[in-house]
Amino acid sequence: MKCKRDKILVLDAMPGRIKWTLFGANSTDAEREGKVEINRIEKLRDCPESLSAESIRIIAIHTPFGGQSFNRPVVLSAGYEREFRALTDQAPLHVPSALAAIDFCRRFFPRIQRVLFCETAFYVNLPERENSYALSKAAQERQKLRRYGYYGLYHAAAARKAAESVSSIRRKRVLSFCLDFRAELTAVVAGRPVMVTGGLSPLEGLPGMTMCGDLDPSIVLAIHKKKHWGPEKINRVLTESSGLFGLAGEKISFAELLLDERWKDSLARRLIEYRFKLAAGAGIAAMGGVDCLAFSGRFATAAEKTLGNVIRQTAACLLRKQAGEIPVYSLTTSIQQIVAEQMFDF
Amino acid sequence: MSMNDNMNILVFNCGSSSLKYRLISMPGECELAGGEAQRIGPPTLVCPSIRHRCNGVESVVRTPMENHTAAFDKIMDLLSRHGAPAPDILGHRLVHGGGVFSEAVRIDAQSLKTLSKIQNMAPLHNPPATELIKSVTRRHPGLPQAAVFDTGFHSNIPDYASAYALPGALSDELGLRKFGFHGTSHRYVAEETARFMGTSLEKFTAVICHLGSGGASMCAVENGRSVDNTMGYSPLQGLVMSTRCGDLDPAIVLRFIHAADGAAADVEKLLNKESGVLGMSGVSGDIRDIFNSLQKGGKGKENEAFWHALQVYLWRIKKYLGAYLFILNSPQAVVFTDTIGETMPGVREAICEGMECFGLKIDRRKNTAATDLPADVAQQNSVARIVVMPTNEELAIARRTYEVFAETDCCN
Chain A
1 MKCKRDKILV LDAMPGRIKW TLFGANSTDA EREGKVEINR IEKLRDCPES
51 LSAESIRIIA IHTPFGGQSF NRPVVLSAGY EREFRALTDQ APLHVPSALA
101 AIDFCRRFFP RIQRVLFCET AFYVNLPERE NSYALSKAAQ ERQKLRRYGY
151 YGLYHAAAAR KAAESVSSIR RKRVLSFCLD FRAELTAVVA GRPVMVTGGL
201 SPLEGLPGMT MCGDLDPSIV LAIHKKKHWG PEKINRVLTE SSGLFGLAGE
251 KISFAELLLD ERWKDSLARR LIEYRFKLAA GAGIAAMGGV DCLAFSGRFA
301 TAAEKTLGNV IRQTAACLLR KQAGEIPVYS LTTSIQQIVA EQMFDF
Chain B
1001 MSMNDNMNIL VFNCGSSSLK YRLISMPGEC ELAGGEAQRI GPPTLVCPSI
1051 RHRCNGVESV VRTPMENHTA AFDKIMDLLS RHGAPAPDIL GHRLVHGGGV
1101 FSEAVRIDAQ SLKTLSKIQN MAPLHNPPAT ELIKSVTRRH PGLPQAAVFD
1151 TGFHSNIPDY ASAYALPGAL SDELGLRKFG FHGTSHRYVA EETARFMGTS
1201 LEKFTAVICH LGSGGASMCA VENGRSVDNT MGYSPLQGLV MSTRCGDLDP
1251 AIVLRFIHAA DGAAADVEKL LNKESGVLGM SGVSGDIRDI FNSLQKGGKG
1301 KENEAFWHAL QVYLWRIKKY LGAYLFILNS PQAVVFTDTI GETMPGVREA
1351 ICEGMECFGL KIDRRKNTAA TDLPADVAQQ NSVARIVVMP TNEELAIARR
1401 TYEVFAETDC CN
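Residue numbers (the working numbering), protein chains in the order written: chain A, 1 to 346; chain B, 1001 to 1412.
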């Protein structure tokens, strides 16, 4: 029997590996999923039959960084691939993985449309006063130094759905929190971001499970001078040994930090709650108010139950509203499901 | 000596090539003389000079001063020649207390030893003041001195506000925590604003915006104590400043180190001296120049760069204001101080614009007319007052110095 060609394949391009998820026709229920190392990407061909070219309608390649070129999902053409390839220097950890996935698909699924989804796309048109650093214009332009966010797909989806729940307000202001491997806040007005805690890289902003978040720039210089560590080693420590791991001394997730009694009075918990409050206040100032809160990411539910309550109560008191006037929406779908849903229209 | 005894305190505020001074009679807080020695150190194109004032008379004395000790000698001579009383005590401003000194301290052998140890905590700021203290100790052993630290007011910032999310061992080894700066000014402004509003310092909660023509920082004050400051481990973190970048993605610093082939000094210079308002405008580090130029109108690339610099500068302050209003949850006041905060109503208005959601409402007319300071420029129905309060770091240092000596002598 001939197989119907209606499935959606989502490839998450991470440094060193690809996670694949297969969805049924116009469905956000994952049928199968798996991981493969980048240097063994051809093993994707050995995956179950349902991963064959005959069953797949369309492929999404999901990657963190798209620079200023990619401000929405795009059907990949030779031109777009060239533009994407040109971003390698700006994101040497992420772009090569996505290129490996694109190359693989071109070779083994040549007749299947490929759509590129970049997390940074949502932030390409972030206002200049928000996306800029206080550096010389020449340095910023030469090295393409500007702020992005790195959970744009989560924030866009969560903010859209949260805004639908506040039908009475036209120009809705959503404070969107994403808790996944990292944490990020975006202030969204009428569907567009006006402020984000992320930076040029995912290092800036709220601390993550192993990422440091905001730091005095002098600290990087102090570590370099006093420990005689080069940029690569410092980057590894700030990316892999900091954040909750650095504070707690062991690897813990946001869910454990927020829900486990063991961490209730820990410095890690108090610091994260504090940083979230600072970010919330900054986001409200950026929007001139707030109409609803949105949570997304793997730990959306844990965040909503704990941080969400604190922030909603504080915001209500500060803005002289009732807590009930600031609805909270939680998006519990995975990033792969968010991408798959957007693929229905392609 | 008791708290009511008169003391003439000579306050020194060391810059890298300058020495500000003020002779203040305490506890009456009356200025007897003051001035500034400029261009201390190696010869420059313009002759070194001391701008001096005493008994209402101002004068300029041109004289070489090869170091701060030489400047000190000239100042003491000037004070004597102009009939000012001899100082009873010297009070010195030091930027960094090194995590060791949280309060003002009387200079003795032990404290001097510790000051020498912590010199490198603020290599751009502490050394000239420390060297001056040492020199005075050697040459005028009978002249009591005190050190007052910019970091002092922030020494009780809670751990969740002062910690960075770094490996604990690394933070402990290198002392990586937020110290906060401008503390002497923030404390003084908190005291004065509480007094102005008729409340005690212990019940005073406010956001203080110390916006200088050089450095700038904001302080969250809760019940009279600092609970956060926008500056951090160093004065580089936080707001956009005259030549400092403020907040920056750590990845960008790493990129710069890589591009400079590891020459950290070059990167430090770039971020501290060539960024901020100067970096963005390409012309001036003084936001007043930018603001005034834009008000005059005109088009072209220079004005685009000026507009951009102003917007980034204001936006950073606004976001921090929102952040601190949120964590303080209904403070009594937002206070503007120092050169820009006190003299630029346009900056105050732009920062407060759109903050009505927090109940903060600036009165434009009062704000523009606020020249007789302190002034409350908030609308009557504003939830928090908006106060323009002049700072006076030298007086603040004199107060702390007076307390130190009145306290220690009471206990002897």
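Accuracy of the hints is not assured; some may be wrong.
[Claimed, not checked] In silico DMTMM-like links for lysine to aspartate or glutamate, alpha-carbon gap of 25 Å or less: (1) A:226 to B:1202; (2) A:137 to B:1274; (3) A:137 to B:1261; (4) B:1366 to B:1376; (5) A:19 to A:33; (6) A:277 to B:1261.
[Stated by the list, open to error] Footprint (simulated), chain B over chain A, 3 or more residues, beta carbon under 8 Å: (7) 59 to 69; (8) 193 to 203; (9) 269 to 275; (10) 307 to 321.
Hints are computed from structural coordinates only; laboratory data are not their basis.
These numbers were taken from a predicted model, which means no experiment stands behind them.
A virtual CB, placed ideally from N, CA and C, is assigned to each residue, including glycine.
Comparing the hints with the structure gives:
no., hint, in the structure
1, A:226 to B:1202, "violated (40 Å)"
2, A:137 to B:1274, "holds (11 Å)"
3, A:137 to B:1261, "holds (22 Å)"
4, B:1366 to B:1376, "holds (8 Å)"
5, A:19 to A:33, "holds (7 Å)"
6, A:277 to B:1261, "violated (38 Å)"
7, 59 to 69, "violated (count 0)"
8, 193 to 203, "holds (count 5)"
9, 269 to 275, "holds (count 4)"
10, 307 to 321, "holds (count 6)"
When each numbered hint is compared with the structure, violations occur for hints 1, 6 and 7.
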